[in-house]
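Colleague: As a plain string of letters, each chain reads:
2 protein chains.
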Amino acid sequence: MTAAETRWLSADEQLAWRTFLNACSTLFAAVEGQLLHDSGIPHGYYEILVRLSEAPGHALRMTQLADASTSSKSRLSHAVARLEERGWVERMLCATDRRGQIARLTDAGMAALEAAAPGHVEQVRASMFDKLTPEQVQQLQAIMAAIEVCDGARSTLI
Amino acid sequence: MTAAETRWLSADEQLAWRTFLNACSTLFAAVEGQLLHDSGIPHGYYEILVRLSEAPGHALRMTQLADASTSSKSRLSHAVARLEERGWVERMLCATDRRGQIARLTDAGMAALEAAAPGHVEQVRASMFDKLTPEQVQQLQAIMAAIEVCDGARSTLI
DNA sequence: TGATAGTCATTGAGCGTTCAACCAACAAGC
DNA sequence: GCTTGTTGGTTGAACGCTCAATGACTATCA
Chain A
1 MTAAETRWLS
11 ADEQLAWRTF
21 LNACSTLFAA
31 VEGQLLHDSG
41 IPHGYYEILV
51 RLSEAPGHAL
61 RMTQLADAST
71 SSKSRLSHAV
81 ARLEERGWVE
91 RMLCATDRRG
101 QIARLTDAGM
111 AALEAAAPGH
121 VEQVRASMFD
131 KLTPEQVQQL
141 QAIMAAIEVC
151 DGARSTLI
Chain B
1 MTAAETRWLS
11 ADEQLAWRTF
21 LNACSTLFAA
31 VEGQLLHDSG
41 IPHGYYEILV
51 RLSEAPGHAL
61 RMTQLADAST
71 SSKSRLSHAV
81 ARLEERGWVE
91 RMLCATDRRG
101 QIARLTDAGM
111 AALEAAAPGH
121 VEQVRASMFD
131 KLTPEQVQQL
141 QAIMAAIEVC
151 DGARSTLI
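Residue numbers (my numbering), protein chains in the order written: chain A, 1 to 158; chain B, 1 to 158.
These are calculated hints, taken from the structure and not from any lab test.
This one's a predicted model, so the numbers in the text were calculated from it and none came from an experiment.
Wrong hints could be hidden among the right ones.
As the list claims (entries may be wrong) - Pulled a few chain B residues facing chain A out of the computed Cβ check, cut under 8 Å:
# : residue
1 : W17
2 : A23
3 : A146
From the three backbone atoms N, C-alpha and C, an ideal C-beta is built for every residue, glycine too.
Turn these sequences into a full structure, and let the hints steer you where they fit.
Modeller: What follows is the structure, given as structure tokens:
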């Protein structure tokens, strides 16, 4: 890919991209900041707690939890270790597969999540939904759904 | 803010928020990955180089550069130190304010940026604009512009 | 049964970011 | 001048994430 054959962004696309980057930066800083400041929970950890709280028995295999919370196994492994130190999650052996580990949300973890949720939701509202019309919310959902579709591997190798 | 008086998200808002989070996660991972893998430049550093390249004389005071690249002073200070190690940026004293530091993009830095740009733009296209209609690009820009507006301090204290 | 490949999950090092603490230089008031 | 408060910028520790390497177990197939 040389400079000459590059399909550079149009002025509209430039503007959209930069506005998008700035907005995401502002938004995530606000959301992350609120959660961390008011509840001491990084947003990534919060997502893990939410996924666990939605799972049957408040428990999930590590790989499933990683998929659900869009995080790598490594990231999840580190994160669960930290959450375990706080007493919010516990690890159990998997009955059917001795390689497996099951992460389970403890009562204390559920309580921490429930305590953190109202403030977090309020922040998400203030930073996003309060600034958009219902129509824009629909548009945003459609746009993000289109983007979310994974392109698969970037490599041409098998 | 208790649970009872919380304005919880509607089903539509829930969906929009989660789709947004997933899409951002996928998108930023792809963009960051391409840039890092193909050019060895973190996206945050790339932004700094871009802002410098657009400044008169390829130079900017640290604070101005921090504002332009939406980063904290601390972050910028660390980043410029790394970029200086690579020979892409140099720091100079400010003539009018002896506290000031001026960051200037070197020729090597400009060359690195020009070498990285085509692949980066292509990735942004592939991950975002190729998946959206022109109308959606306009909608996205409007939505992000609405979100970007800073709410100011979260605190009610002066 | 034994060998090989694939999956599940963890580990540690390296990197970028954040936060709080800090120093140096300017600015405003007395 | 001197003091006080503010601004410009850096520093180091703490933290989360990524990447590559590793160990443990399962699955497949000869």
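Colleague: Each hint needs a verdict: does it hold in this structure or not?
Modeller: Hint-by-hint comparison with the structure:
no.: 1; hint: W17; in the structure: holds (6 Å)
no.: 2; hint: A23; in the structure: holds (4 Å)
no.: 3; hint: A146; in the structure: holds (5 Å)
Checked against the numbered hints given earlier, the structure satisfies every one of them.
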